[in-house]
Structure formats: C-alpha cells, structure tokens
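Student: Okay, so the sequence shown: first residue is 1 according to full-length UniProt numbering, each after it adds one.
To be clear, the hints were calculated from the coordinates, so they are not data collected in a lab. Backbone N, C-alpha and C fix where the C-beta goes; we use that ideal spot for every residue, glycine too. Any given hint could turn out to be false.
DSS-like cross-link-like pairs, simulated, lysine-lysine; straight-line CA separation at most 25 angstroms [unchecked claim]:
hint, residue 1, residue 2
1, K5, K77
2, K74, K5
3, K81, K5
Derived DEER-like restraints, expressed as beta-carbon distance ranges [what the hints assert, rightly or not]:
hint, residue 1, residue 2, range
4, D79, D3, 45 to 53 angstroms
5, K74, P39, 31 to 39 angstroms
6, P45, L23, 55 to 63 angstroms
7, V16, F64, 18 to 26 angstroms
8, V46, W73, 49 to 57 angstroms
9, R38, F69, 32 to 40 angstroms
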Amino acid sequence: MADEKSNAATYWSANVRLITGCLIVWALVSYGCAILLRPLLAGIPVGGTDLGFWFAQQGSILTFIGIIFFYAWKMNKLDEKFGLGE
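From just these sequences and the hints, can you work out the full model?
Tutor: If you want it as structure tokens, here you go:
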C-alpha cells in the first residue's frame, strides 16, 4: 500500500511539473512576447507585419495548440512509465 501511495505521489509530482512547464511557456509567449516585449519585437518583420503583432494575433494561439499536443504526448509517455497506459 505504501508503494502505491509513493508511486501515485511521484506520478502526480511529474504531472504537476509538466503542467507548470507548459504554463510557463504559455505565459512567456502570450504575455511576454505579445505584450511586454512587443516594442522590442516591432522591428522584426513576419508575414507582412511585425513579430510582436504576430505573436499577439497568431503566434500565441499556435503555441497554445503546440502545447496541447506536447502535453498529450508527454502524458502518454508518463502513463506508460507508471503502468497507466490505455
């Protein structure tokens, strides 16, 4: 029983670490690049507009979609590692 609790605590800790990492990336892209760093990114052209505007309009959305796929992939690996795979 103690081994199951330890295993569950380790699994949950890895899950929380993964979620925290994904949220940090999301915050850096959404708030950092799109809002805080926008003046610094204004001189870099991307697709006919500046990079700061691109991050605010499309880049943060595409990054968020990428994070979703990354999270699903890593959780499948984590589930297999702890014997919880489908």
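Student: Indicate, hint by hint, whether the structure satisfies it.
Tutor: Hint check results:
1. K5 <-> K77: Distance ~20 angstroms between K5 and K77 Cα, so the pair holds.
2. K74 <-> K5: Holds, because 22 angstroms separates the two Cα atoms, which is no more than 25 angstroms.
3. K81 <-> K5: holds, 16 angstroms
4. D79 <-> D3: 45 to 53 angstroms: With a Cβ separation near 18 angstroms, D79 and D3 fall outside 45 to 53 angstroms, so the hint is violated.
5. K74 <-> P39: 31 to 39 angstroms: holds, 34 angstroms
6. P45 <-> L23: 55 to 63 angstroms: For L23 against P45, whose Cβ atoms are near 30 angstroms apart, the range 55 to 63 angstroms is violated.
7. V16 <-> F64: 18 to 26 angstroms: holds, 19 angstroms
8. V46 <-> W73: 49 to 57 angstroms: Given range 49 to 57 angstroms: violated, Cβ gap about 27 angstroms.
9. R38 <-> F69: 32 to 40 angstroms: Since the Cβ atoms of R38 and F69 sit about 26 angstroms apart, the hinted range of 32 to 40 angstroms is violated.
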